[in-house]
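A.B. asks: One-letter residues, chain by chain:
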Amino acid sequence: MNLRRPYRSFVSYIDRSREYYAAQGYSQPYAWAHHEDTPFTPLQKPISECRVGWVTTAGKMDAEAESQGQRKVRELYAQASNPAPTRMFTADLFWDKGATHTNDIDSFLSLNRLAELVAGGRIKSTSPRFYGVPTEYSQGKTSFRDAPKILEWAREDGVDALLLSAL
Amino acid sequence: MPTAVLGSARDIVEECGVARFVFTDFPLGNPCGKPWDAEMQRSIVGISLDLLERAWMPRITVQTPFHWGNDEWRNAFMRVDDSNREALAREGEERRRRQAEAKKGEYRHG
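Sequence lines, in order, name chains S and A.
Quick note: the numbering used here has the first sequence finishing at residue 167, numbered continuously throughout.
Quick note: the numbering used here has the second sequence finishing at residue 277, numbered continuously throughout.
Extracted from the complex, chain A is given alone in its bound form (with noise of 0.2 angstroms):
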């Protein structure tokens, strides 16, 4: 079946190898362009379907030419820092505790 994968995450993406990519650098969540602007997404998909009928071998990345108007998502999103590291250990050990108690009263069920 051919296929063509549309994402943002593109080292996830070429690390796992497709068969064809359309690369849109934006923020993760909108792949096929920004809400509300049908515009940009008929043209996002319409590369596709274009890398759809071209492409001659896999792991071909097409870039989309489009920008998200600002680059402060790429620091912020998933930021360690040391303003949040000591709540960032506490949720780990928070999440951690409530799977343990969860797998206990599983336990209890089962």
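With the rest of the complex left out, here is chain S (with noise of 0.2 angstroms):
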């Protein structure tokens, strides 16, 4: 269907979350990540012979996260993918909550749908565990604690590529 618009039609999240901040009274907007290079690799083998692993945004779920429904701690976490957790602790996290839920961990994290498609061929096996990251204000956090950590667990694993999902 060709639908016209003077206007682009994805959200910018940049745009709408420093104007509903500066609603909010604060006045100094967030600085974004910003990245002039861009670090790439080439996968090494074909995707059928590799192992493939996840890192996900959402936080575990644990007896504390479910009763008060919030983290104390947002931590980083490695925990087995086989079987695969039925629900993860999100609700601290910047999704839109009134327009959908988190109930199906596959809708962000598709430990399962991965699973099916190792089950298929595509590829030749999961890593045995998936890794967690808090989403951090601090740039330098993410950067220089938690992705080398992920990046060393990986490499436990004997992951040959990692999916990021992000909420």
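By construction, these hints were calculated from the structure, which means they are not laboratory data.
Note that beta-carbon positions come from the ideal geometry of N, C-alpha and C, so glycine has one too.
Hints are supplied without guarantee of correctness; some may be wrong.
Just a few of them, taken from the derived set where beta-carbon distance is under 8 angstroms, the chain S residues facing chain A [as the list claims (entries may be wrong)]: (1) N103; (2) D106; (3) L162.
Distance condition first, Cα-Cα at most 27 angstroms in a straight line; then the derived DSSO-like pairs of lysine-lysine [said to hold, decoys possible]: (4) S:K45 to S:K141; (5) S:K60 to S:K97; (6) S:K141 to A:K270; (7) S:K141 to A:K271; (8) S:K124 to A:K201; (9) A:K201 to S:K60.
Just a few of them, taken from the derived set where beta-carbon distance is under 7 angstroms, the chain A residues facing chain S [claimed, not checked]: (10) D178; (11) L216; (12) F244; (13) G259.
Need the complex rebuilt from these two chains, each delivered in its own frame; the hints are there to steer you.
C.D. replies: Below you can see the structure in the form of structure tokens.
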């Protein structure tokens, strides 16, 4: 369908959140990550011979998160991916709670779908663990504390490629 | 490590710059497909694996062919207009007051 419009159709979350927080009286807008150079690593072998891992920004659902509706500590973690968890903690993350929900983990962390693709021969295997990274105000913590640890875990698990899904 | 990002906040990811980006134009929360739609989810994961394999340079964005079904969420999310401007200003004031209180408490205990 040809629908003409005089504006871009996708939402700019940088503009939207800046205006929203300004309306709340925060005068200093968040400075989003912007890199002129982007690292790129090509796949070293066919994807059908690869072990694929998954990184999520969702948190672990533990008893405390369940009962209090919040996480005390937003920690980096690695958790068994088989069987996939049935629920993850997402209440403290920035997503559209008015339009959708996160009751189906495969809608934001598709461990079951990825496992099915192993059965079909699309990839060789999935990583025995998936990796959780907290969203941080500090980009330095993400780049220099969290990313190296996830790389270390992924290498321990023999991972050839990673999918990262951000809520 | 070869990577692909699956997401719905197109501007944030593209400003950052990533090796490979699979963009699904949905409300934030379901970057791998609609809840309980296994076929769509399998398709989006499959597209991500295709991109892992075929990308020859960084910052390639692939947009998946799925539509949410309506466009109401686009304007509703984090909307600021005359109906909520005062309420938002009060919320901000209240949060700053609570944070200042919490900070005072920390000093007392520390």
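A.B. asks: Would you mind marking each hint as holding or not holding in the structure?
C.D. replies: Structure-based check of each hint:
1. N103: Result: holds, 6 angstroms to nearest chain A Cβ.
2. D106: This interface hint holds because 5 angstroms falls under the 8 angstroms limit.
3. L162: Constraint on S:L162 satisfied, holds at 5 angstroms.
4. S:K45 to S:K141: Violated, because 31 angstroms separates the two Cα atoms, which is more than 27 angstroms.
5. S:K60 to S:K97: Cα-Cα ~19 angstroms, so holds.
6. S:K141 to A:K270: Roughly 22 angstroms between the alpha carbons, so the hint for S:K141 and A:K270 holds.
7. S:K141 to A:K271: Holds - the C-alpha atoms of A:K271 and S:K141 are around 26 angstroms apart, at most 27 angstroms.
8. S:K124 to A:K201: Given that 27 angstroms is the threshold and the Cα spacing comes to 26 angstroms, the pair holds.
9. A:K201 to S:K60: Between A:K201 and S:K60 the Cα gap is close to 21 angstroms, so the pair holds against 27 angstroms.
10. D178: Constraint on A:D178 satisfied, holds at 5 angstroms.
11. L216: It holds, given that the least Cβ distance between A:L216 and chain S is near 5 angstroms, below 7 angstroms.
12. F244: Since chain S brings a Cβ to about 5 angstroms from A:F244, closer than 7 angstroms, the hint holds.
13. G259: Since the shortest Cβ distance to chain S is 3 angstroms, the answer is holds.
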